[in-house]
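A.B. asks: Using the sequences and the hints, build the whole thing.
Number of protein chains: 2
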Amino acid sequence: MIELALKNYCEKIDKRLDILLPASSQYYKAVSEAARYSVFAGGKRIRPVILLEFYKLFGGDDDCAYNFACAVEMIHTYSLIHDDLPCMDNDDMRRGKPSNHKKYGEAMALLAGDALLTESFGVASRTLGIEPERIVRALGFLSKNAGIDGMIGGQVIDTCSGEPATEEILKKTYLLKTGALIKASAVCGAILAGATDRELEMAAEYAECVGMAFQIIDDILDCSGDEKTLGKPVGSDKKNSKTTMVDLLGVERCRALCKDLTDRAMGILSDFEGETDLLKELTEYLLKRNY
Amino acid sequence: MIELALKNYCEKIDKRLDILLPASSQYYKAVSEAARYSVFAGGKRIRPVILLEFYKLFGGDDDCAYNFACAVEMIHTYSLIHDDLPCMDNDDMRRGKPSNHKKYGEAMALLAGDALLTESFGVASRTLGIEPERIVRALGFLSKNAGIDGMIGGQVIDTCSGEPATEEILKKTYLLKTGALIKASAVCGAILAGATDRELEMAAEYAECVGMAFQIIDDILDCSGDEKTLGKPVGSDKKNSKTTMVDLLGVERCRALCKDLTDRAMGILSDFEGETDLLKELTEYLLKRNY
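Quick mapping for you: the protein sequence lines, in order, are chains X and V.
All residue numbers for the first sequence refer to the working numbering, where the first residue is 1 and numbers rise by one.
All residue numbers for the second sequence refer to the working numbering, where the first residue is 1 and numbers rise by one.
A portion of the hints provided could be inaccurate.
You can't tell identical chains apart in this list, so a pair holds if it fits in one copy or across any two.
Unchecked claim - Dumping the calculated BS3-like pairs for lysine-lysine here, alpha-carbon to alpha-carbon at most 27 Å:
1) Lys242 to Lys103
2) Lys102 to Lys242
3) Lys29 to Lys144
4) Lys171 to Lys259
5) Lys102 to Lys280
6) Lys144 to Lys288
7) Lys29 to Lys172
8) Lys172 to Lys97
9) Lys171 to Lys103
10) Lys29 to Lys242
11) Lys29 to Lys56
12) Lys103 to Lys56
13) Lys171 to Lys29
14) Lys44 to Lys7
15) Lys144 to Lys103
Just so you know, these hints were derived from the structure itself, not from any lab.
C.D. replies: This is the structure we're talking about:
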C-alpha cells in the first residue's frame, strides 16, 4: 500500500520536475543535462512527499504545493552532487550510477549543483495558488534549514571539523545534515497550508525524529547493507575515516534508538486531528528500509 | 562626488551584511568565517547600489530594500568563490588576497559558496516593509538570472564549452555571466518599488548595456591593467586559454564598444522621469574604472 502510494507520488513529482528543469537551450544545455542526470537518478522523493502530506494535513489542496515540493528535492539533489565531489567525500558511485562529477567532470558537477540550488528558490517562488505571505515565510524557513544553521552547518561539522566525534556532536550533525531539510519539508508544507505555530512546532519535532532515524539507518546500511540494493559501495564512512553512530553505539543500540525515534514520530502524528495514515505508513517504512 | 556617494552606500551595505552574516555558533563557525572573508574582501558593491538606486528611482523608501540588495551581493560573492576553485579558473588571488580555497581549503570554499547562495534567498525573503507579492516576483527574477538561463549559463559557456569563441558567443557569454546579475539588480529594485512593465524593460536594457561594458572593461584590464590596483594577477584569461573580446577586437575597438554601450545606458537613464543623477555618475564611473 505505501509502496503504491509512493509510486504514485513519485510519478507526479517526476513529471513536475521534468517541466521545471527543461533540457534548456543551445549553449548551456550541458548543465541542464548534468542537473537532470542526478535529479532523475532514482531518488525516493521522501522530502517532497512529506511536504505534500503536511500541506494536505493542514487543509491544503496538494496540487498547489508541487513546485515547492520539487524545490526541496532539487536542494537535496544539489547537496548530494557537491557532497560526492573529490574535495568532499570523493564518492564515485551514487544510486548505482557514476556520481555526477565522474560522469560530467568536476567543473560541470559544481555548476550543476549551483544551478539546482539557484533554480530551487525560483521554482519555490512560483508556487501558484498560495498566498505570497506564506510563500515568503516558507522560503525563509527553507533557506535557514538548508543553510549555515541547517544542512550546510551539518556538512561542515561532518567534513571539516577534524575533531573526534562524540555522541552529542554526531546527534547535532545528523539533525543538521539530514534532519534540517526533512524538517523544512514538513514545516514548509504546514506553513503553506496556514498551520498554527503550535502545529508548526509539532511538524518540526516529528521531522527531527524522522531525520535522525533516517541518518542512523544510513549508517547501519553503510556498514551492513547490500551494495547492489544500496547502489553505492558500503564502507564509505570508514574510507573517509568518519565516525558514525554505529561506531559509537553498535548496531543493536542504533536499531533501538531508531525504533524509539520512530515511536516518538508516530506519537506526534497521532496527536494531529487530521488524516495521517499515509505519513504513519511512510514513517514505519523509513524505519524498515534496506536502501 | 560619486566616490563619496559610493563610500556612504558601501558603509550601509557592509553594516547590513555584517548583521545578516553573523559569525555564527560553536560548531559551524568555520563556514561563516570563510563566507565573511570573501564578502568583506573589498568588493565595490556595484550591484546592491544599482538595486537600491532603481528602487529609489521608482519611489521606494531605500531602507526597505537593503536585505534584497545584500542578497544580490552574496550571490555575486558565492560566484567568485566557486569560480576561483581549482576545477574552474584555479585562481590563487582575488582582490589582493588569497582566494577563498587558498585560505580555507577546497571543501570549506565550496561550502562557503553554497552557504552564501542558500542564505541569500533567505535574506531576500526577509525584505520587510514591501508587499510579499513583489518580493516573490523579485525572488523569481533573481533566481532566473542567477541560474541556468543567467549567470550559471554564462559560466558554463565560459568554462566548459571548449568551442572556439566567436564575437557572438562571447557577447552572449558576457550578457549571462556578468550582465544577468547586474540586470537582476536593476530589475529587482524596480520590481520591489512597483515599477510598470515598460519601466522594468528599460531597467533591464540599461543593465544589459552596463553589464556588457563591465565585462569588456574587465577583459581590457586583464591584459593591460596594473596587478597592484587590480588585486589579482593580470593575464589570467591567457593562463586559462580563454578568448576574450580583446583578442577578437583589439583594445581600441573594445574601448569604443564600451563607450557606445555606456552612451546607450545613459540615454535610457535620461528617458526616466525620476532622479537618475547618481546612476548616471555611476555609469560613467564604471566606464573609467581601472580596477
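A.B. asks: If a hint holds in the structure, say so; if it does not, say that too.
C.D. replies: So, going through the hints one by one against the coordinates:
Both within a single protomer and between protomers do Lys242 and Lys103 lie at most 27 Å apart by alpha-carbon distance, with minima of 25 Å and 24 Å respectively. Both within a single protomer and between protomers do Lys102 and Lys242 lie at most 27 Å apart by alpha-carbon distance, with minima of 22 Å and 24 Å respectively. For the homomeric pair Lys29 and Lys144, the shortest alpha-carbon distance between copies (15 Å) is at most 27 Å, but the shortest distance inside one copy (30 Å) is not. In the homo-oligomer, the alpha carbons of Lys171 and Lys259 lie at most 27 Å apart inside one protomer (16 Å), although the nearest pairing across protomers, at 59 Å, exceeds that limit.
In the homo-oligomer, the alpha carbons of Lys102 and Lys280 never lie at most 27 Å apart, since the shortest distance is 38 Å inside one protomer and 48 Å across protomers. In the homo-oligomer, the alpha carbons of Lys144 and Lys288 never lie at most 27 Å apart, since the shortest distance is 30 Å inside one protomer and 40 Å across protomers. Within a single copy, Lys29 and Lys172 get their C-alpha atoms only as close as 39 Å, which misses the 27 Å cut-off; across copies the closest is 14 Å, which meets it. Taking the shortest Cα distances, Lys172 and Lys97 never come within 27 Å of each other, neither inside one copy (30 Å) nor across copies (34 Å).
Taking the shortest alpha-carbon separations for Lys171 and Lys103, neither the intra-copy value of 33 Å nor the inter-copy value of 29 Å comes in at or below 27 Å. Taking the shortest alpha-carbon separations for Lys29 and Lys242, only the inter-copy value of 20 Å comes in at or below 27 Å, while the best intra-copy value is 37 Å. In this homomeric assembly, Lys29 and Lys56 never come within 27 Å of each other (Cα to Cα): the closest approach is 36 Å inside a single copy and 37 Å across copies. Proximity of Lys103 to Lys56 under the C-alpha cut-off of 27 Å is found in neither arrangement, the shortest distances being 38 Å within a copy and 47 Å between copies.
Proximity of Lys171 and Lys29 under a CA criterion of 27 Å is satisfied inter-copy only: 18 Å between copies versus 40 Å inside one chain copy. In the homo-oligomer, the alpha carbons of Lys44 and Lys7 lie at most 27 Å apart inside one protomer (9 Å), although the nearest pairing across protomers, at 51 Å, exceeds that limit. When the C-alpha separation of Lys144 and Lys103 is checked against a cutoff of 27 Å, the pair qualifies only between copies, where the shortest distance is 26 Å, while the shortest distance within a copy is 31 Å.
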